[in-house]
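In the working numbering, the protein residues as written are 1 to 443.
In short, the hints are calculated from the structure, not lab data.
One or more hints might be untrue.
[What the hints assert, rightly or not] In the DSS-like style, the derived pairs of lysine-lysine whose C-alpha atoms are separated by at most 25 Å in a straight line are:
1. Lys59 with Lys254
2. Lys35 with Lys25
3. Lys136 with Lys146
4. Lys291 with Lys357
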Amino acid sequence: MSILPQLAFVLILGAAGYILSKRIKFLRRNILLGKAETRNDQPENRWKTMLLVAFGQQKMFKRIVPAFLHLLIYVGFLVINLEVLEFVLDGIFGTHRLFAPFLGGFYTAAMNMFEFLAFGVLVSCFAFLIRRNVMKVERLNKPELKGWPVKDANLILVIEIVLMFAILTMNATDQILAERGNPHYLALGTLFFSSLIRPVFEGMSDGVLVFIERFAWWFHIIGILGFAVYVTYSKHLHIFLAFPNTWYSNLKPKGEMKNMPEVTNEVNMMLGIPVENPVEPPAEIGRFGAKDVNDLSWINVLNAYSCTECGRCTAECPANLTGKKLSPRKIMMDVRDRAEEVGKSIDAGGPGFADGKSLLGDYITKEEINACTTCNACVEACPVNIDPLSIILQLRRYVAMEESGTPAQWNSMFQNMETSFSPWKFSPSDRFNWADKVKESEQ
């Protein structure tokens with residue numbers, strides 16, 4: 001028996017592993033372009049959040065129909081890919097269904113479960129294609145999705161459909177050959193879903209069936225390896241990053257804004273308030289807020305790479321709903337695109353290379369960030385706990401503190417807060433006059 005197929009498989013497996021490892025290193029470096037941030041508090045709550053939100057799909061079920069369809073694909077992805085281990089071992093050792101003799105009837109039951117899930121994945125993928133391209137669900141047809149994002153989503157769905165058909169085709173031809181007594185194929189009993197397409201192949205010769213079965217096997221395993229590589233370039237990277245992303249969720253109260261310790265301590269000292277945790281002044285003057293991805297936290301960049309572009313954040317955003325340009329989904333897509341651009345620039349020109357661009361201005365406009373009402377609707381809506389608001393506030397902080405570029409109305413509010421300790425221009429001593437008037441009216 002020729003070992004050429006085994007050699008070819010090992011070479012393909014090695015090439016896929018090399019490309020995948022290189023891309024993972026690139027992604028890790030890009031995520032760490034962000035500033036250091038430690039978020040390891042409340043470990044029990046973090047594990048619980050990850051299990052409920054990422055593994056349990058908890059927040060997906062606020063929209064029942066897409067949640068159910070997504071659950072079928074998600075469970076299918078997790079369970080069906082257990083069979084990949086057997087594919088890999090068969091490819092390396094030149095065997096066929098290596099686990100079947102050891103597992104007996106359980107193997108047939110497992111194959112039927114895999115086929116049931118494959119059918120569920122097929123139904124879900126077709127449904128998602130219809131929702132995107134026929135029903136044209138509004139949140140899936142926003143301006144930021146024009147071009148490649150739409151093609152990317154459709155391509156992934158088509159790939160999954162073809163891979164599921166490859167499994168069913170392989171199983172159907174496999175069982176016909178086993179029943180005809182071909183020694184390389186094992187009789188597994190009835191496989192329900194693949195038996196439905198057996199009539200297509202019944203009249204074919206053994207040689208043709210072997211070719212189709214082998215083609216389906218190779219197509220499926222190469223497709224899986226190609227899919228694994230492609231996902232790292234796609235929005236579907238959330239398949240893997242959703243888990244660390246939810247573990248590093250912001251567990252602080254909704255709406256709590258993060259102060260800058262250096263500024264807080266400086267103000268406290270000016271007011272004569274004791275400083276509890278003095279912060280050493282940095283060797284170089286830092287930047288207030290964020291202008292580019294390297295000014296953000298590494299968790300912000302992880303958020304961006306975890307975004308699946310589902311648009312639930314934008315669908316809930318009051319600014320977007322009232323016709324303003326702000327789209328929280330676009331914010332996350334822009335951060336990811338900018339991180340990719342910076343990473344490629346570093347690869348081309350070295351760590352100190354500057355391309356003259358920035359996240360604020362070249363990707364995200366002041367009009368977008370000024371439209372945010374800081375309501376946290378986007379954070380609450382995200383199925384994997386991404387926090388666009390944190391990024392928006394850091395970009396705003398840069399505009400306000402570095403450029404003094406905030407709208408005139410905001411400047412008046414800031415001045416009133418500095419002088420009158422409230423957004424409105426009246427004396428602090430008059431703050432409760434309204435209550436006196438209410439009391440008088442009641443009397």
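A quick look at each hint next to the structure:
no.	hint	verdict
1	Lys59 with Lys254	holds, 16 Å
2	Lys35 with Lys25	holds, 18 Å
3	Lys136 with Lys146	holds, 13 Å
4	Lys291 with Lys357	holds, 10 Å
In this structure, every one of the numbered hints holds.
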